[in-house]
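Visitor: Next come the chains, spelled out residue by residue.
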Amino acid sequence: MGAKTVGKIIWDALPEDDGFARVFGLKDDPFSPTSVSQVTDKSLLTELYKRPIRMDLDRGLDDLFVPEAGPFLGYLERFGRLLGLAGYRRDPVQTRRPFAFVVSGEEGTGKSTLVSAFVRWLSECKKVTWIRRDYPPPGIAPAERPGLYQYLSSELNGVSVDDYCCLVIDNMDAAMQLEAIQLYQDFSSNRALIMFLITKNLELLHEAGPSHPVDFRRFRMQPLTPEQTVIFVKRRIDLFRIGAHIEQLRDYELFPFLAEDLRRVVAEKDGQFREGPVTLRVLASILHELMESRLIGDGPDIELASLSRDQLHDYLIFLRPAYGELVVA
Amino acid sequence: MKLNPFPDYPVSRLDENSDRAVGLTAATDPIRQERDIISNWLNKRTTPLIVAVRGDYGSGKTHLLLDAMANLSKALDAEQPSFLRVATVAAPPLGWYRTAIGPRLTDLPLKELVVQLYAKAGIEVAARAELTEPAVARLNSQPGAIKNLVSRNLLSSTAVEEVFQRKLREALPNAPDDVVLALGLLRWDTVGLATDWLAGRELAEEQARLVKLPRSIDSDEGALEALLAVAALHRALDRTFALFVDEAEHFLRVDRAGSGNPNATTMKRLLEGLAKRGAIVFVAGYWSAWEALPDYLDRFSPSQPIDLLRLTPKDVQNIVAARTVETPELDSEQATLVADLSLGNMRTTMSLLRELFEVSGGFERELSLNQITETAESLRRRPPPDVVLLQVHELLELLGFSVARDERILVDSENPSGIPFDLVASRSGRPRVLVELRHPSHELAQGDQVRRMVEQMRDVNQVYTEAIGCFLSETRLDQAVRDTIPRGSARRVLLSDVTKPDFISALSSQLTPLLQASDIPATPEKLASASKSTVNQISQLRSEREQELDHILSDPPSAAAGQTTAARESNLSTPRSDYRDRLVVTYEELTRPTPLTSRLAHTWRPLTLGYVFIMGLGLAGTIFTAAQGAMITGTALSYGAIDFVQYLASIGLIVIGALMISRDIIHVERFYEYRNSRLRSIYLRTEDVDELIRVNDQLQEALDLGGPRWSRILRYQQSEDTGLTTHAAGKVPQSQEPRDDSRFR
Chain U
1 MGAKTVGKII WDALPEDDGF ARVFGLKDDP FSPTSVSQVT DKSLLTELYK
51 RPIRMDLDRG LDDLFVPEAG PFLGYLERFG RLLGLAGYRR DPVQTRRPFA
101 FVVSGEEGTG KSTLVSAFVR WLSECKKVTW IRRDYPPPGI APAERPGLYQ
151 YLSSELNGVS VDDYCCLVID NMDAAMQLEA IQLYQDFSSN RALIMFLITK
201 NLELLHEAGP SHPVDFRRFR MQPLTPEQTV IFVKRRIDLF RIGAHIEQLR
251 DYELFPFLAE DLRRVVAEKD GQFREGPVTL RVLASILHEL MESRLIGDGP
301 DIELASLSRD QLHDYLIFLR PAYGELVVA
Chain V
1 MKLNPFPDYP VSRLDENSDR AVGLTAATDP IRQERDIISN WLNKRTTPLI
51 VAVRGDYGSG KTHLLLDAMA NLSKALDAEQ PSFLRVATVA APPLGWYRTA
101 IGPRLTDLPL KELVVQLYAK AGIEVAARAE LTEPAVARLN SQPGAIKNLV
151 SRNLLSSTAV EEVFQRKLRE ALPNAPDDVV LALGLLRWDT VGLATDWLAG
201 RELAEEQARL VKLPRSIDSD EGALEALLAV AALHRALDRT FALFVDEAEH
251 FLRVDRAGSG NPNATTMKRL LEGLAKRGAI VFVAGYWSAW EALPDYLDRF
301 SPSQPIDLLR LTPKDVQNIV AARTVETPEL DSEQATLVAD LSLGNMRTTM
351 SLLRELFEVS GGFERELSLN QITETAESLR RRPPPDVVLL QVHELLELLG
401 FSVARDERIL VDSENPSGIP FDLVASRSGR PRVLVELRHP SHELAQGDQV
451 RRMVEQMRDV NQVYTEAIGC FLSETRLDQA VRDTIPRGSA RRVLLSDVTK
501 PDFISALSSQ LTPLLQASDI PATPEKLASA SKSTVNQISQ LRSEREQELD
551 HILSDPPSAA AGQTTAARES NLSTPRSDYR DRLVVTYEEL TRPTPLTSRL
601 AHTWRPLTLG YVFIMGLGLA GTIFTAAQGA MITGTALSYG AIDFVQYLAS
651 IGLIVIGALM ISRDIIHVER FYEYRNSRLR SIYLRTEDVD ELIRVNDQLQ
701 EALDLGGPRW SRILRYQQSE DTGLTTHAAG KVPQSQEPRD DSRFR
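Line order of the protein sequences matches chains U and V.
For what it's worth, the working numbering labels the leading residue of the first sequence as 1, then goes sequentially.
For what it's worth, the working numbering labels the leading residue of the second sequence as 1, then goes sequentially.
Hints were generated in silico from the structure; no laboratory data involved.
Just so it is clear, CB atoms sit at the ideal spot from N, CA and C, and this is done for glycine as well.
A couple of the hints might just be wrong.
Said to hold, decoys possible - Ranges between beta-carbon positions, derived for each pair: (1) U:Leu316 to V:Glu701: 30 to 40 angstroms; (2) V:Trp188 to U:Glu260: 46 to 56 angstroms; (3) U:Ala143 to V:Thr465: 25 to 35 angstroms; (4) U:Ala143 to V:Thr46: 49 to 59 angstroms.
Claimed, not checked - Over the 10 angstroms line for every Cβ pair with chain U, so calculated as not near, a few chain V residues: (5) Ala145; (6) Asn153; (7) Ser156; (8) Thr158; (9) Phe363.
Using the sequences and the hints, build the whole thing.
Guide: Now the structure itself:
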C-alpha cells in the first residue's frame, strides 16, 4: 500500500477508510476517478465522467478506455487497416497520403475519445514526428477566436512541407465545414495531412458523400446498446474493485449495480436490446452521481466487509428509482 | 361638498391595469357587444377572434379594449394568457415594431414558453428509456428543471436539442430562421441578447456574431414574422395570445402620404397571420383607419365591428343617474343641450358634466341653459387631450423626430420601470423631447405637477443631457407656477398652456431656442411651417369627421341607426389629478428631513448602554490614575509607566465606544438616504400614492424594529416577500443596501 499524502489525492493508494472502498469495495469512483497512479497529468482526470479520455496526451489513461463501450473497437480496426494499407504502419513510414475523417454523433457518445485513440495510433508510427494543431485554438476566448481557415492555414504555412500534420477540428458546424474543406483541398496536395472533423451535426455527415470534393471517411458514434452498457460498467468496476471483495461479490460483480437492471433500463422502450437513448456521458454521469449520493446522502451507512452475501442485494442501487431521486434533487 | 363623480381627466391608457378599469365600466351597448362577442367565442373557440373597434377620439375605444382584456383575463385565467398591448405610430411596419411592438414583447413570458417547449423535448427523450423515465413526471410538474437535467447530463443534451429544434420548427413552420434561432436562444445565458434582438434593438457587431444573428430585425417582413412567431409559439403550447392594437389610424395614415398601401397590407397580413395562429385580436381606431381596411375584418370574425357613436340626451341622463346618487337628474332639455354642446363625445360630455357638477353644487342648484352653455364655452377652450397630443405628436414628427406614445425613459438600471411620459420624441435612438400633458384641478396641483416634471427631467438629464421636457397644461399657467422652475432648469423644461387656440404655434416658437441649444437642426421657418401644416391637418380631420357623423345621423331609422342612437357610456379612469396632487404632497411629506432627536432615538438599542459604559470606563481611567490611587493608599511606589499605559488604554476605550456609537448613527443616517432614494424612485415613475405610503411604512417598520440594524430586517422582509420586491418598490439594490455587512451590524 502506497503512502497517503495529505492534501494530495492518490486514491489508488488509499486505505479502506475511503468511502468507495468501505461502501462499494472500490478503490475509487470508477466513472470519475480522481487519481490513477499511471496518469502523469492529473488534470486529465478532472470530471472524467463528462469529458473525453485523452490517451493521446497521457498513456496512463489507456486502462480507462473501454473500446467495447460503443463502436470504438471496429472503428479503430478500420482506421488502422486503412492507414496501414496506405503505408503508415511501415518502418519507416513510406507514404504521405492525406486523409480526412468525419466523426459525428450526439454529444457524449465518445467522438473526442475516438479521435484521441486515432491520434494515439498515429503517434505510434515509426520515425515520424507529427505536428498537431487543434481548432478551436486552446486558450483563446470565443469572441477573439480567429476563423478556422485563417488560423489553421497560417499554422500550416509555418511548418515544413516535409512534416506530417495532424489537424483536429472540434465542434464543427455547417459554416466551419466549408472552411475545413477548403483548407484540406489547399494543403493536402503538398503536405502529409490527416484531418479529423468532430461534429454533433449529423447532417454534415450526410453531405459528405461520394460526389463530395473531399473523400471523407465517416465514423458515426451512437448511444449505447444494453450490452455495451454492461461491458462498460463491468470493465470500469473490475478496474477499481479491491481484491479482497472479489470473492464476496461473486454473485454481484457490478456491485452496487446489477447487470440485468442496467440492460433493462437503458434499452429503448420501443425496441428490444437495440441501441438506447443513453450515451456514454449520460450513463457515466448518472452512475457517478448515484454513487456519490449514496456516499454523502442520508442512506444507510454500510460497511461492505460486514455484509453477508444474502444482505448484498439490499444494498444494490436500482437505477430507475435512484434516478428518480436524482432528478428531484 | 360632494365628491365629484365625473373624472377630471377622462383618458384611458392602454397600459392601465385592466382590472381597475373594468371596475368602473358600465354595461353600455358597445361594452355589452364586446362582452357578448367574447362570451360567444369562449363557448365555441372554433373561429379566430378578430374584432374591430371604431369611434371618435374620446369615445371610449381604449377603455373598451381594457374591458375586453379584463374579461378575457378572467375567463382564461387558467391558461395564463399573454396580452400584447400596443398603440400604433405613424411609421412603416418596421418602425412600428421597433418603437412599440418589440419593446412590449419583452413583457411577455417568451423565455418561459421556450423553456416549456424545451421541457417537452426533454419529456420526449426521457420517455424513451426506462432509466430516464422518472424525469417525465419531474418535467411535467416543473418544466424549468430541464436545464438542470441537461447540464448535469442526466438527459442527453444532443437528443433533447434535436427534439427541441424539431418541435420549435413545427411550432413556427413559416418563421424565418433568424427568428427561430432568436427564440431558441431565450433558453440560455444568451437570453439578454435574444430579447434585445426580438425587441427590435440593434446588437453590437460582436454580440451579433456571438449569437449568430443579424445585428437587428431590419425589414418590414422580418418584423411581421417575428410577431407572428410569438403568436405561433403560444399556440404550440396551448397558451392564449391576444393582441390589442389602439390608435390604428396613425399606422394606416402613413399610406396616404406615400404611394401604395404597404401599411394597410401589413396590417391585413398581420391579422390574417394571427387568425391562422389562433390569436385574439382587438384593433381600435378612428373612423379613418378603417377606410384602408374595408370589410376586411369580416373575413375572420362573424361579429360586427363595435362602433362607439354619438351620445344621445337619454345617454347623458343615464350617465348622470348612474354616477350620482340621491341627486336630481338632468331634465331632458338640459340633457339635450349637454349632448349637443359636447357633440355626443364621451370625453367632452364627462368633462362638461364634471364642470356642471361643480357649478351646481352637485346638481343640487338649478342649472339654467345659459349656465350650461357658458360652462361649455369655457371648456371648449380646452382641446381634448388626444387632440393636443396628436398635434404635438405630429409637430415633432414633422421636425424629424421619431415619436412614441406612453413611453418610459430608463435612467437608472436599478429601476427598470423607467419614468413615464406621454410622448417621447427621439432622434438617433436618444430621447430629445419628452412631453407630459396634465390637467391640474387647481393652481396648487399645477405647481406640484410642474415641480415633479422638473425633478423627472433632472434625472433624465443625468443620462440624456440633451433632452428637453415639455409640460403641457390643460389649464392656464399661472406666473407663480412658472416662477417655481429653478433658473438652471428653465432651459430644460418648457411650459405650454394648451387652452390657447394657437398653442401649437406658441409651442413651436418656444421649442426653437431650446432645440437650437440642443444642437438640433430646426429653423424657426421650418417650425412655423410644420405647426401650420399640423393645425390644418387636424382641422381637416375634425371637419371630415363632423361631416361623417352628420351623414350617419341623418340616415333614416334602421337597425344601424338604432345603434347610432344608443348610449355609449365610456370608461372612467381613476381621477388622476387627485392622485397626483396627493402624490406630490405625500412625497414631500414623507421625504421631509427627520428631526435630529428622532434620528438619535432610532440609534438607541440595548447595546448602546454597553458602548456608553465602555466610554465611561475610559473616561474614568483618564481621571483616576494609578498615581492618584497610590496617593490615597499612601504607597510610595513610582507609577509613571503604569499611568501611561492606563491613560492609553482609557483613551482607547473612549475611542472604541465613540466609534461604535458613530457607526450606529451612520447606519441610521444611511437609512434615510436609502429611504429617500426609494421613495423618489417611486415618485418619479408611478402615480400610485398608496404604493408610496406602503413602501415608506415598510421601510419605517424596518427602522423601528431594527434601529441601526434596519438592513437586516429589510433583508428578512424581502426574503418573506412582504412587498418590497414588487415592481413599484423594486428590489432593494445592492448598491444602496449595506455593501459591507460588518458596517451595518
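Visitor: Which of the numbered hints are not met once you compare them with the structure shown?
Guide: 1, 2, 5, 6, 7 and 8
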